[in-house]
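Since the structure of chain A is already known, use the hints to place chain B on it.
Now for the letters of each chain:
Protein chains: 2
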Amino acid sequence: MTAEPRRAPAGAAVLREGITSALQQAVIEELASVGYGRLSIEAVARRAGVGKTAVYRRWSSKSAMVLEIVAEVAAQRLPLPDTGTLRGDIEALTAILMLALRHPLFSTVVPDLLAEAARNPELAQTLQEALRANQQEIGRLLIGRAVQRGDLAADTDPVLAADLIIGPVYWHLAVTRTPHTPDFPQRIAAMVEAALRSTG
Amino acid sequence: MTAEPRRAPAGAAVLREGITSALQQAVIEELASVGYGRLSIEAVARRAGVGKTAVYRRWSSKSAMVLEIVAEVAAQRLPLPDTGTLRGDIEALTAILMLALRHPLFSTVVPDLLAEAARNPELAQTLQEALRANQQEIGRLLIGRAVQRGDLAADTDPVLAADLIIGPVYWHLAVTRTPHTPDFPQRIAAMVEAALRSTG
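Protein sequences, first through last, are from chains A and B.
The numbers in the UniProt record's numbering rise by one with no breaks, and the one at position 33 of the first sequence is 33.
The numbers in the UniProt record's numbering rise by one with no breaks, and the one at position 118 of the second sequence is 118.
Just so you know, not all the hints are guaranteed correct.
Claimed, not checked - Below, in silico cross-link-like pairs of lysine to any residue (SDA-like), each with a Cα-Cα straight-line distance of 20 Å or less:
1) A:K62 with B:K62
2) B:K62 with B:Q24
3) A:K52 with A:A12
4) B:K62 with A:G37
5) A:K62 with A:L80
6) A:K62 with A:A32
As the list claims (entries may be wrong) - The following label-pair restraints were derived from C-beta to C-beta distances:
7) B:Q125 with A:T181: 19 to 27 Å
8) B:L80 with A:L105: 30 to 38 Å
9) B:F106 with A:E122: 18 to 26 Å
Read the hints as simulated data drawn from the structure, not as lab findings.
None of these values were measured; they are calculated from a predicted model.
Cβ atoms here follow ideal geometry from the backbone N, Cα and C, with glycine treated the same way.
Chain A with its partners taken away, still in its complex shape (with noise of 0.2 Å):
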């Protein structure tokens, strides 16, 4: 009995947890199906089986909503594997970001908000900044590893790296969509070593 009025406040909260994230996985999945010019707030709730209330309790606009739920994404952490040797390292980057692009939030939401970034100030600031915050990370913990490793002097500029290693395989696969030979991590991995070797 003493019980009772405990459970019942965690249940609700349980419920609004799971609504939100139905509600968060619903945003991308309109944004992946019809864009953000075409996303609407109704085809939000009905995907994620709520009512639009349910919507309007959490966000105040479509613009509120989607900015929240596309920072939260852009900043999800790419793994990046230790392999012991920055070859190897830039090696496995290269590969897990070709399966990353390949991800309809890579090849179809992240392209059009850039587009809409464009003509949307707010969402460009958001975007970028969690894009360039992630970009960060990658670059300070790849190029932080080999200089402890002693393979890359102390003041290798880290976002200047992960341009070097996302820029190219970003072009390559994203934007031109050039076929590519299996051995594009090696090849690229090869080249990016040299060149970060070459500012040491």
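Relative to chain A, chain B alone:
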């Protein structure tokens, strides 16, 4: 008097070309302003100062019109000055790319078309073929000069070389839009030169 019959068709041809060129300009401006999804033939005709029939006389549909004009624009060659050294050529290309990426065509129209391409296979193919052809020519010209100068091995891959230059510049300036120092072209050129020499 004898020139009269010839002058009329010549005048008509000039007029036709003038209208085509005004329509091309109008399509690019409309794409920059409202994007592919909201672009209408009415608005293009209005912007070009002609009637809708002038559009339909040239293209059967909005998609055919945009495809043709996008292919032409995306195939436009960037100037690629011969500076006498590989490092100088990469620096010059980087600086030219940085300027091009500030133009509304690249900052607004291309991201918009890439987003649309994720849902429109025909547009994707046209856009990507034009970008690839452009990239191949840049790579071949740049690497060809370096091979002739004896700076690079004859089997250096021109597509991968262009990826290594264009990719980081595009990612840094057009995607994450990270602020950069004035020596960005020099730093990119030093690293990419080392990367390319390492494959020889």
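Now for the hints, and whether the structure bears them out:
no. : hint                           : verdict
1   : A:K62 with B:K62               : violated, 29 Å
2   : B:K62 with B:Q24               : holds, 12 Å
3   : A:K52 with A:A12               : holds, 18 Å
4   : B:K62 with A:G37               : holds, 19 Å
5   : A:K62 with A:L80               : violated, 33 Å
6   : A:K62 with A:A32               : holds, 15 Å
7   : B:Q125 with A:T181: 19 to 27 Å : holds, 21 Å
8   : B:L80 with A:L105: 30 to 38 Å  : holds, 35 Å
9   : B:F106 with A:E122: 18 to 26 Å : holds, 22 Å
This entry does not satisfy hints 1 and 5, going by the numbered hints stated previously.
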